[in-house]
Amino acid sequence: MIAVAIGILVGLLVLSLPVAAALMGLGLTLDILYSFLPLRRVLGDTAWGVSTDVVLFSIPLFVMLGEVMLRSGIAERMYDAMARWLGWLPGGLMHANIGTCTMFAAISGSSVATAATIGTVAVGQIRAQGYNERLFLGTIAAGGTLGILIPPSIPLIIYAALTDTSIPQLYLAGILPGLILALLFMLTVVLACVVRPGWGGRRPRVTWAERRAALPDLLPPFAIFVAVIGSIYAGLATPTESAALGVLAALALSWRLKALSLAMLRAVFEGTMRTTAMIMLILIAAYFLNFIIGSIGLGRMVTEAIAALGLTPMQTVIAIVLFYFVLGMFMETLSMMVATVPLVMPVVLSLGLDPVWFGVLMMLLLETALITPPVGFNLFVVQGVRERGPVKDVILGAAPFVGTLLVMIALLIAFPGIALTLPQALR
Amino acid sequence: MQRLIGLATAVSRAGAWFGGALVLLAAAIVALDVVLRAALSVTIGGSDELSGYALAIASAFAFALALLDRAHVRIDTLYAILPTRLAALLDVLAMAAMVALACFLALQGWRVFAQSWTLGARALTQLNTPLSVPQALWVAGLGWFALVACLLLLRAVMLLLKGDAAGVARLIGTRTAAEDLAEERAAQRVARGGGA
Numbered sequence: 001m002i003a004v005a006i007g008i009l010v011g012l013l014v015l016s017l018p019v020a021a022a023l024m025g026l027g028l029t030l031d032i033l034y035s036f037l038p039l040r041r042v043l044g045d046t047a048w049g050v051s052t053d054v055v056l057f058s059i060p061l062f063v064m065l066g067e068v069m070l071r072s073g074i075a076e077r078m079y080d081a082m083a084r085w086l087g088w089l090p091g092g093l094m095h096a097n098i099g100t101c102t103m104f105a106a107i108s109g110s111s112v113a114t115a116a117t118i119g120t121v122a123v124g125q126i127r128a129q130g131y132n133e134r135l136f137l138g139t140i141a142a143g144g145t146l147g148i149l150i151p152p153s154i155p156l157i158i159y160a161a162l163t164d165t166s167i168p169q170l171y172l173a174g175i176l177p178g179l180i181l182a183l184l185f186m187l188t189v190v191l192a193c194v195v196r197p198g199w200g201g202r203r204p205r206v207t208w209a210e211r212r213a214a215l216p217d218l219l220p221p222f223a224i225f226v227a228v229i230g231s232i233y234a235g236l237a238t239p240t241e242s243a244a245l246g247v248l249a250a251l252a253l254s255w256r257l258k259a260l261s262l263a264m265l266r267a268v269f270e271g272t273m274r275t276t277a278m279i280m281l282i283l284i285a286a287y288f289l290n291f292i293i294g295s296i297g298l299g300r301m302v303t304e305a306i307a308a309l310g311l312t313p314m315q316t317v318i319a320i321v322l323f324y325f326v327l328g329m330f331m332e333t334l335s336m337m338v339a340t341v342p343l344v345m346p347v348v349l350s351l352g353l354d355p356v357w358f359g360v361l362m363m364l365l366l367e368t369a370l371i372t373p374p375v376g377f378n379l380f381v382v383q384g385v386r387e388r389g390p391v392k393d394v395i396l397g398a399a400p401f402v403g404t405l406l407v408m409i410a411l412l413i414a415f416p417g418i419a420l421t422l423p424q425a426l427r
Numbered sequence: 001m002q003r004l005i006g007l008a009t010a011v012s013r014a015g016a017w018f019g020g021a022l023v024l025l026a027a028a029i030v031a032l033d034v035v036l037r038a039a040l041s042v043t044i045g046g047s048d049e050l051s052g053y054a055l056a057i058a059s060a061f062a063f064a065l066a067l068l069d070r071a072h073v074r075i076d077t078l079y080a081i082l083p084t085r086l087a088a089l090l091d092v093l094a095m096a097a098m099v100a101l102a103c104f105l106a107l108q109g110w111r112v113f114a115q116s117w118t119l120g121a122r123a124l125t126q127l128n129t130p131l132s133v134p135q136a137l138w139v140a141g142l143g144w145f146a147l148v149a150c151l152l153l154l155r156a157v158m159l160l161l162k163g164d165a166a167g168v169a170r171l172i173g174t175r176t177a178a179e180d181l182a183e184e185r186a187a188q189r190v191a192r193g194g195g196a
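Residue numbers (the working numbering), protein chains in the order written: chain A, 1 to 427; chain B, 1 to 196.
Think of the hints as simulated: they come from the structure by calculation, not from any bench.
Each hint should be verified, as a subset may be incorrect.
Said to hold, decoys possible - Facing chain A, from chain B, some residues (calculated, C-beta under 7 Å):
(1) ALA27
(2) ARG70
(3) ALA71
(4) ALA114
(5) SER116
(6) THR118
(7) GLY120
(8) ALA186
As the list claims (entries may be wrong) - Residues from chain A that keep clear of chain B, each with C-beta distances beyond 12 Å, as calculated:
(9) PHE57
(10) LEU89
(11) ALA113
(12) THR163
(13) VAL194
(14) GLY198
(15) PHE222
(16) VAL226
(17) THR238
(18) SER242
(19) GLY352
(20) VAL385
What the hints assert, rightly or not - Stretch by stretch, here's where chain B covers chain A in the computed footprint (C-beta under 8 Å, at least three residues):
(21) 47 to 55
(22) 178 to 192
(23) 288 to 295
(24) 329 to 338
Being a predicted model, the structure only gives us computed values, none of them experimental.
Beta carbons: idealized from backbone N, C-alpha and C, even for Gly.
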């Protein structure tokens, strides 16, 4: 049964069927082959239940929050401010790339949007300031991945929904690893530029007065982050409610920046709904598949098969990491998570691993998948912003950061407290 | 036929604006609820329920636009290295799968609606909403999705029979990162008033 299920799923996906249709197709086939009762009749109720889930309503809200912030022109100001504050480090503007991505990650869930915006501002500086082109492009691709780890992250919400894990706990768990990872990315740049000083380009000369003058540009995104995350932990709002507050705050901000217009709102609505529709259709199919897998006992069979291998929990975790690392080279990230979580999660729980901790590990694996060739979405986006040269430059430039991500994954496995200290302290 | 698809796109785009506005409206109600609760310890109640309906109706109406804009994710690792004609064949297969999914979803959605309608089912909440009202709008969105999927499949098969593989790719092929990016930039330009 396991081999049949995996075979069908791989087959449908390799044929490039839409992921939602592939998951639904697998669910239907399993239902027809292995179930006594026709379970497919529950699809209508499942679809209605998923579509009206208040927790999932936070998805369009966070997408909209990111869209509004993006179209308010705040990213360019943030980049300039970050360049003034971080530009003195060895590696100069490359730290601004990572820093801006980190801050942007805290208000937006979209990697394309982040990489596109920051890439457009930054790419012109490569030749002008004499940077190593590959490493520079790598910082944008890698920095863009932070969005899915640092809350509010949309993949984290989807993980929470699929595994019935607490969103506030997951958010808290993502903060520290996100910041450490951003620092490790910057450390990677510093190390590279100390070994090869020629890669670092000219650093901007900035006075303290100029730095202080740029501070107000960093304030609005920070304020929105605090409002969204703070209102949850102050006990004032649920994650969905905090997202609604964030959307209104972002609209108020873009009104102050004189970016609010009917054309802008239309673009925001269209972008929000397109992304939401894509995610919701996959989620409806995934919930349906989840239900079928549970009903026919496939999850238990996978758990027993893994247990029969006689691996220690640590060996199993390493096997899971390797599995996702390889899969991530070939598969789009959201689909990868949604398609595998129903089968992997029972194993994780049977080992007694903390689902919150595993959620953070999963986000790190998804981040890695975004920048590993041949299929790494951020690589393609950065290459698209650049509009010249071979994509190989971006792949090679991002390679050191794949190493950094693997170090971070090892750290998280060795010291689960990195993720779990904050949520446990505030439980 | 092409005009019909143009019309469907225009309607779907309007549907997405409506959906986006609905989401924003629900966000405003939810935010108002939070503020009232924190400041005056009163609650308007039912904002949870309303936002659930907003999500269901808005996303059902946006499924069609995502389909027309080729935003539903496909794994194109193998697809990308196939010759154009084979890829076009996979495109048609993918759209056929989408038609099956959309029709199945619309049909099962209809059953949910019909059941609420005949039983006069109401939500077990303060608002006591007759469920058939939001479900009717939801099923209408699902039905539109199924209709647009059928239309696209029909057009794609016609193009395939004419041997126009490039036309199939333009209509229903997978999106490349470059296309995503171009669109993202165009949207940002629009938002800033013509690139000023």
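How the hints compare with the structure:
Nearest Cβ of chain A to the Cβ of B/ALA27: about 4 Å, under the 7 Å cut. The hint holds. Against a cut-off of 7 Å between C-beta atoms, the interface hint on B/ARG70 is violated, since the closest Cβ of chain A lies about 10 Å away. A least Cβ separation of about 5 Å between B/ALA71 and chain A falls short of the 7 Å threshold, and the interface hint therefore holds. Here the hint on B/ALA114 is broken, as its CB sits about 10 Å from the closest CB of chain A, past 7 Å.
Hint status for B/SER116 relative to chain A: violated, with the closest Cβ pair at about 9 Å, above 7 Å. Contact between B/THR118 and chain A, as hinted, is not supported at the beta carbon level, the nearest pair being about 14 Å apart and thus beyond 7 Å. Look at B/GLY120: its Cβ only gets to about 17 Å from chain A, farther than 7 Å, so that hint breaks. Annotation: interface hint on B/ALA186 violated; nearest CB of chain A at approximately 9 Å, more than 7 Å.
The beta carbon of A/PHE57 sits about 5 Å from the closest Cβ of chain B, which is not more than 12 Å, so the claim that it is off the interface is violated. No Cβ of chain B approaches the Cβ of A/LEU89 within 12 Å, the least distance being about 29 Å, so the stated non-interface status holds. For A/ALA113, the shortest C-beta to C-beta distance to chain B comes to about 6 Å, within the 12 Å cut-off, and the non-interface label is violated. The beta carbon of A/THR163 is kept farther than 12 Å from every beta carbon of chain B, the shortest such distance being approximately 20 Å.
Even its closest Cβ contact with chain B, about 33 Å, leaves A/VAL194 beyond 12 Å, as expected for a residue assigned away from the interface. With a minimum CB-CB distance of about 30 Å to chain B, A/GLY198 clears the 12 Å threshold, and the non-interface call stands. Look at A/PHE222: its CB is around 20 Å from the nearest CB on chain B, clear of 12 Å, so calling it non-interface holds up. The non-interface label for A/VAL226 is consistent with chain B: the shortest C-beta to C-beta separation is roughly 16 Å, beyond 12 Å.
The beta carbon of A/THR238 is not kept farther than 12 Å from every beta carbon of chain B, the shortest such distance being approximately 9 Å. Not every CB of chain B lies more than 12 Å from the CB of A/SER242, the least distance being 8 Å, so the non-interface label is violated. Residue placement check: A/GLY352 keeps its beta carbon more than 12 Å from all beta carbons of chain B (closest about 33 Å). Not every beta carbon of chain B lies more than 12 Å from that of A/VAL385, the smallest distance being close to 7 Å; the non-interface claim is violated.
Taking a C-beta to C-beta cut-off of 8 Å, the segment 47 to 55 of chain A contributes 6 residues in contact with chain B, enough for the three needed, and the coverage statement holds. Counting residues of the segment 178 to 192 of chain A whose CB lies closer than 8 Å to any CB of chain B gives 0, so the stated coverage by that chain is violated, three being the minimum. With a cut-off of 8 Å between beta carbons, the segment 288 to 295 of chain A has 0 residues touching chain B; three or more are needed, and the interface restraint is violated. Given a C-beta distance limit of less than 8 Å, the hint that chain B covers the segment 329 to 338 of chain A holds, as 5 residues qualify and 3 suffice.
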